[in-house]
Amino acid sequence: MALALPVSARRIRDILQADPNMNYEKRKASPVLTKKHKEARLTWARAKVSWDVTKWGNCVFSDEMKFNLDGPDCMQYYWHDLRREPEVYSTRQSGGGSVMVSAAFWASDGNQNSERYIYTISEYLLPFIDRVYDRDNAPIHTSGATKEFLKEENVDVMDRPAKLPDLNPIENMWGVLARAVYAHGRQFQTREDHIETIQASWAAIGQDLITKLVESMPKRCIATLELHGAKMKY
1 MALALPVSAR RIRDILQADP NMNYEKRKAS PVLTKKHKEA RLTWARAKVS
51 WDVTKWGNCV FSDEMKFNLD GPDCMQYYWH DLRREPEVYS TRQSGGGSVM
101 VSAAFWASDG NQNSERYIYT ISEYLLPFID RVYDRDNAPI HTSGATKEFL
151 KEENVDVMDR PAKLPDLNPI ENMWGVLARA VYAHGRQFQT REDHIETIQA
201 SWAAIGQDLI TKLVESMPKR CIATLELHGA KMKY
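If you read the sequence shown in the UniProt record's numbering, its first letter stands for residue 1, the second for the next number, and so on.
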């Protein structure tokens, strides 16, 4: 509804831009939670709400994410100075190609199939940990081959039901990593340059942030219970 106030659209934009509490950004997509999803989230949170920070510190949080060479769509919003030419970014078919990144962290110092997933965790994860391994229900994580491998390696797996991204702190880490990789609208011409930047950006993430994310898990469980299984602001 228009208020018919004597103020220009430009003035409104200036006020919004100057306000430290305002930021122009794309709305985040949020999965629809059915009653069944909420019940599963509640069951999971009830089972973990008594865990203290020390126990959460023994969990390894993992996930996969695709990074397009042209950058994610959600990074292409900006405040446009109408006195200047609009900024543009180039697009190529399928985002110019992509890199599938598998990552994991815990509170201490191309698409994957089951075979490659097993190789990743056996070569780069298991030699360094003796902890509880947290993963989602992606098909490569729950395949027969993966389950058999984890059983043979005596890995204590903490499965989580669907629709729990806000209960996996590595989801927050993806946002931090993407902002660093695509800073200033950066795009990549080669996969090699893209991979090098992703690796350097990941290495630059401080342990203090990782610890903070892991230590947020007790609060996340409590919030899930207080919201009766609804999505949290994490």
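Hints were generated in silico from the structure; no laboratory data involved.
Do not rely on the hints blindly, as some may be mistaken.
In silico lysine-lysine, DSS-like type, Cα no more than 25 Å apart, as pairs [said to hold, decoys possible]:
#, residue 1, residue 2
1, K233, K219
2, K66, K219
3, K219, K35
4, K219, K55
Okay, the calculated beta carbon distance ranges per label pair [to be verified]:
#, residue 1, residue 2, range
5, K66, Q207, 17 to 27 Å
6, I15, L42, 38 to 48 Å
7, E215, N23, 20 to 30 Å
8, R11, N58, 18 to 28 Å
Because the structure is a prediction, the values reported are computed rather than measured.
Virtual Cβ for every residue (Gly too), placed ideally from N, Cα, C.
Just pull the numbers of the violated hints for me, sorted ascending. Hint check: 2, 8 fail, others pass.
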